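2 protein chains.
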Amino acid sequence: MTSTYVHGYDPRENRRLQDQASTLVELLHWDTTYPEGSSVLEAGCGVGAQTVTLATNSPGALITSIDVSAASVVEAKKAVQAAGINNVTLRQADIFHLPFPPESFDHVFLCFVLEHLSQPVEALSALKYVVKPGGTITVIEGDHGSTYFHPDSDYARRAVHCQVELQARARGNALIGRALYPLLTKAGFGEIHVSPRMVYVDSSKPELVEGFTKKTFAAMIEGIRKPSLESGLMSEVDFDRGIADLYRTAEADGVFCYTFFKARAVKN
Amino acid sequence: MTSTYVHGYDPRENRRLQDQASTLVELLHWDTTYPEGSSVLEAGCGVGAQTVTLATNSPGALITSIDVSAASVVEAKKAVQAAGINNVTLRQADIFHLPFPPESFDHVFLCFVLEHLSQPVEALSALKYVVKPGGTITVIEGDHGSTYFHPDSDYARRAVHCQVELQARARGNALIGRALYPLLTKAGFGEIHVSPRMVYVDSSKPELVEGFTKKTFAAMIEGIRKPSLESGLMSEVDFDRGIADLYRTAEADGVFCYTFFKARAVKN
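Residue numbers (this note's numbering), protein chains in the order written: chain A, 2 to 269; chain B, 2 to 269.
Hints were generated in silico from the structure; no laboratory data involved.
Careful, some of the hints might be misleading.
It does not matter which identical chain is used: a pair holds within one copy or between any two.
Straight line, CA to CA, 27 angstroms or less: simulated BS3-like cross-link-like pairs of lysine-lysine [to be verified]:
hint, residue 1, residue 2
1, 78, 129
2, 206, 187
3, 206, 227
4, 187, 227
5, 79, 206
6, 215, 227
7, 79, 227
8, 215, 129
Predicted, not measured: the structure shown is a model, and the values here were computed from it.
Could you put the whole structure together from the sequences, leaning on the hints where they help?
So this is what it looks like as structure tokens:
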């Protein structure tokens, strides 16, 4: 069941992630640039949806991007090559068994990774181990509990909650965005600063209506139809009405809200 | 039942509103200043919690502040006098029966008012009638559906929902913040711009933990204990656990999120 909804494992999902990154790229990434010559570990790069942005925004940094899935690393290599980027080294590796000596990197970056891990604090601790003292960690996560919309709909809210429940059953956490501060605290980082990045969409923003409400969020929930119905979380009729109600929020009088959280902290 | 929870009718509630205004004043009001000599109608000023800020930020504007409650107007007069403000005229008046000729004001301002009205579009239309062409309306509202926190708690979420339900039964709408764009559209305003103002609170922000999470939000929900229990919306045990869980989010590893919405639009 896990692999039917975890990001990055089928072509449509890949496209959705790329759409998401290009729609949200400014909101999420504008303030992350690493200095010339600095070494950066991108942990959990998946198919490279964020890697291209990261490398483009820090052309002088030396970026090492890892993912636990060898298949994703192959895709990420293609994405990086297609973008003509040459400051990224890609390799298959596990956050919990990092093949790097202690204090190997100036900085660590991870985006949409912790939500999939059953031991996020341990992951952050493992990453802290390979950062130099004074180096930073940057973490970006969504939070599906931050979703609300107009017109409101119990069906739509329940459909969104299917994703939260499926991710919890796969030992992930779709509500992790709000918890970045305590997670980084527990992992022993200092100078933690959390910056919420709210996506507010009304019909005065047609690019976000199309690129976020419909193609990113509603499409993601639509994508978990099969496991949601198979798990008996909702009836087919109710789920489909929830999806219709999500798309309804993309009409002229609709509003859609979602919040990402970006945290930056220092290894003391 | 209405008067047991509607803002501004008892001393403790007044203090809470004043606390709220002084804690959130920068977040909500920093970008509202009216030019020297401009005439501004503040509709629904209540006990003057926002009036003092409004007048202080626009010392050259001529502000007329109205409220439907004569008792609130008396309190607002005291607040304005205590602050040494002399550019505000206070009077009792009803938004739906405004005692002003058409196009009397350069601008209109209202804050935490529409949430209490069963006919928000009609209220906005009535206010539009007294604004000069090219003048603006500024609207600020909260949205209790934007509330989420860590640690998450079903009891706390249900306690918050009691407020939503009580306000709905009083023909108000505690979820109105997200709907400002469609409401202003329906009332015929143009150039509508909605700006969400998210309050994100973790323990690195002790003033907000104290001033917002505890003294504003948790205190507000605690304040509807009696009508919530009397209405049978929650059992006493569950409600009290919800309140305890809300205060729990103010501890060192807790996080609290809430979003206000501020809209500005033009009468064409």
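Do the hints match the structure? See the list:
Taking the shortest Cα distances, residue 78 and residue 129 sit within 27 angstroms of each other inside one copy (25 angstroms), while across copies they are farther apart (57 angstroms). Only between protomers do residue 206 and residue 187 lie at most 27 angstroms apart by alpha-carbon distance; the minimum there is 18 angstroms, versus 39 angstroms within a single protomer. Taking identical chains as interchangeable, the C-alpha atoms of residue 206 and residue 227 are never at most 27 angstroms apart, the minima being 31 angstroms within one chain and 43 angstroms between chains. With identical chains, the CA atoms of residue 187 and residue 227 are never at most 27 angstroms apart, being 36 angstroms at best within one copy and 38 angstroms at best between copies.
For a Cα distance limit of 27 angstroms, the shortest separation of residue 79 from residue 206 qualifies neither inside one copy, at 32 angstroms, nor across copies, at 43 angstroms. In the homo-oligomer, the alpha carbons of residue 215 and residue 227 lie at most 27 angstroms apart inside one protomer (19 angstroms), although the nearest pairing across protomers, at 42 angstroms, exceeds that limit. In this homomeric assembly, residue 79 and residue 227 never come within 27 angstroms of each other (Cα to Cα): the closest approach is 30 angstroms inside a single copy and 62 angstroms across copies. Neither within a single protomer nor between protomers do residue 215 and residue 129 lie at most 27 angstroms apart by alpha-carbon distance, with minima of 37 angstroms and 33 angstroms respectively.
Hint compliance for this structure: hints 3, 4, 5, 7 and 8 are broken, all remaining hints hold.
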